[in-house]
Amino acid sequence: MSSVEASTVPTLSAEAIFERQSPGVEALKRLARHRSARVGFIILFSLILIAIFADVIAPFSYREVLRGVTRRDTPCVHLFGCPEGESEHLMGIDSNRRDLFSRIIYGSRLSLQIGLSTITFAIVLGGLIGAAAGYTGGWVDNILMRIMDVLMAFPSLLLAIFIVTVLGPGLINALLAIGFISIPIYARLIRATILSVKELDYVSASRALGASPIRLLFTRILPNALTPLIVRGTLGIATAILDAAALSFLGLGAQNPTPEWGLMLGQEKGSIFNAPHLVFFPGLAIMLTVLSFNLIGDGLRDALDPRLRGKAA
Amino acid sequence: MVTFIVVRLIPGDPCKAFLGERATEAKCDAFRERYGLNDSIPVQFVRYLQNLAHGDLGLSIKTSQPVVDVIAQRLPMTVELAVGAMLFSTIGGVALGLISALRRNSAIDVMTMVIANIGVSMPVFWLGLMLAYLFALILKDTPFYIPPSARLTSGISIIPLAKYWGLENLEGLSKFVVSFLSNSVIFNSLIRADWKMLKDALWHLILPSIAVGTIPLAVIARMTRSSLLEVLGLDYIRTARAKGLVEPKVISRHAFRNALIPIVTIIGLETGALLSGAVLTETVFALPGVGTQLVTAIEARDYAVVQGFTIIIALVFVVVNLIVDLSYAYLDPRIRLD
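Protein chains in written order, with numbering that gives the first Met the number 0: chain F, 0 to 312; chain X, 0 to 337.
In short, the hints are calculated from the structure, not lab data. A hint or two may mislead.
Stated by the list, open to error - With beta-carbon atoms standing in for the labels, derived distance ranges: (1) F/L78 <-> X/I117: 24 to 30 Å; (2) F/L27 <-> X/I107: 27 to 33 Å; (3) F/V149 <-> X/D68: 25 to 31 Å.
Don't be surprised by glycine CBs; every beta carbon is placed ideally from N, CA and C.
One chain only, chain F, in its complex shape (with noise of 0.2 Å):
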């Protein structure tokens, strides 16, 4: 952040130099200038709207069984010619006789639940082995480290399913399975910010003021693996969402009727040939979640970069 590297950019002026805004700031509006983040932004609030007003937005109940319907209709919305007389289904009827469009708006709520909980879930359990393995060092930091290596080893989707086997097929299982199999990527994060930091001269000074242990680990070494951590983790609830989708496809995550998108795409995965609008919504729906976690991760990794600090994005 010296003049000499603010001078070489030329859009700040004299006093923009001086009037410097905090990192954290800066790196607000540079995201806000992203524009592949804006995008992710847009979706992902849209989504939230929809979790939160769902039961507004919605229809019909997502389990609710409808009466005069034919299974696997496709989509009647009046605006494309749909008679008058006829309920609206904007995505069609499934094979339970379900309305799909008030499936798929509930199952907003879960994917954002998933993805959240089960980086929760990874980011504190790996951190706290991340930190003691690294701030204890020696034979603890070896045994730790040499666990996390072995469950890297394995291709991550393969062990979720073998966890879950080993726990027994169900939602609140396939989450604990795939928090699980992401926490040596936090382990590692945290274990290597802590080495980096440790031996510093302001965290010996701090040391030898008596802060305790703990209060150096959180005041003065884990804020700054903040950075990685918030981009890391962003980028893990979007992969989170797509293995918990896999495992639900599979039939070991969520069981009927959940609406579950994952589940839905798995049991209706028959009827691509004959109702491909009952695989096509709920796909979707997949995809734009992940991809507005994927795009703001993006951004953020730009916008939280120090070596960008001071320029545009």
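Starting from the known structure of chain F, fit chain X onto it as the hints suggest.
Okay, now just chain X, sitting in the frame of chain F:
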């Protein structure tokens, strides 16, 4: 070892799973005796390791077939699919990444990166189903029709190579190798010069390969682009241009070769995604590979098969990444293998 412990932790009694819920205790005892499930878990583990060292992965509890035979039957399909997907993703990804790096901020670049972003966000199985719908139903009566499922058109079936070569009494490793090659439809038809079958096999492989390869393709394209852009900004590229080298030579000899290491690394790491993708996609396209077998074996608590397959998959993953590590020395002469 991890595999072994985790599989034993799966709740449920294999005896009940195979002989039915009403199996008598006496029958169950005989069953456990036969498959060595009566001994304590450490004893089972040591015996398993001994057998493993001899290339014996045990018997499938469900079909009483040696697990090695099941692997020789199922693995070729998955390997073919993974190789097909890898070719698709590597060629496509590197090409797209190259174009977007060279035409930075052009329409092609923006398009590629948008597609790459969407590509990494798609569920594999959804893409597979949509491709099947597009090529098998919408394009049904056009020359672009591609069959959506199964390994071969019904009516065509493979002739075992062991019979073809007249080697019926093989044992051990050679039996495994011949059986493996024989069950690889592409290799089998090549050996017997059966072009019709080869064409059919390749034709059936197109859609699954695209489905499995798309996510790695997107990742590889992004990595190629950023890696090449980074190298292109370095001083020695300016030097190369200044001394009058033509642009294609600057790119191919100076820039691309130095950008290759991160690209090759990501290709190795994407093998994991390919293998997971293959498991999901085989279900969609009804392909008789490791993935479909693994799912049934897990449901049936067929310990030996689940273990054997997991070991094989982890082994493939490790070997591919070892090859990647070894290739560094070739790509960058400064890296020496000791």
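*Look at the Cβ atoms of F/L27 and X/I107 and judge whether their distance stays inside 27 to 33 Å.*
Holds - the Cβ-Cβ distance for F/L27 and X/I107, about 32 Å, lies within 27 to 33 Å.
*Could you see if the CB distance from F/L78 to X/I117 stays within 24 to 30 Å?*
Hint holds: Cβ distance 27 Å, inside 24 to 30 Å.
*Supplied distance hint 25 to 31 Å, evaluated on CB atoms of F/V149 and X/D68*: The hinted range 25 to 31 Å holds for F/V149 and X/D68, with Cβ atoms some 28 Å apart.
Every hint, counting from the list given before, is met by this structure.
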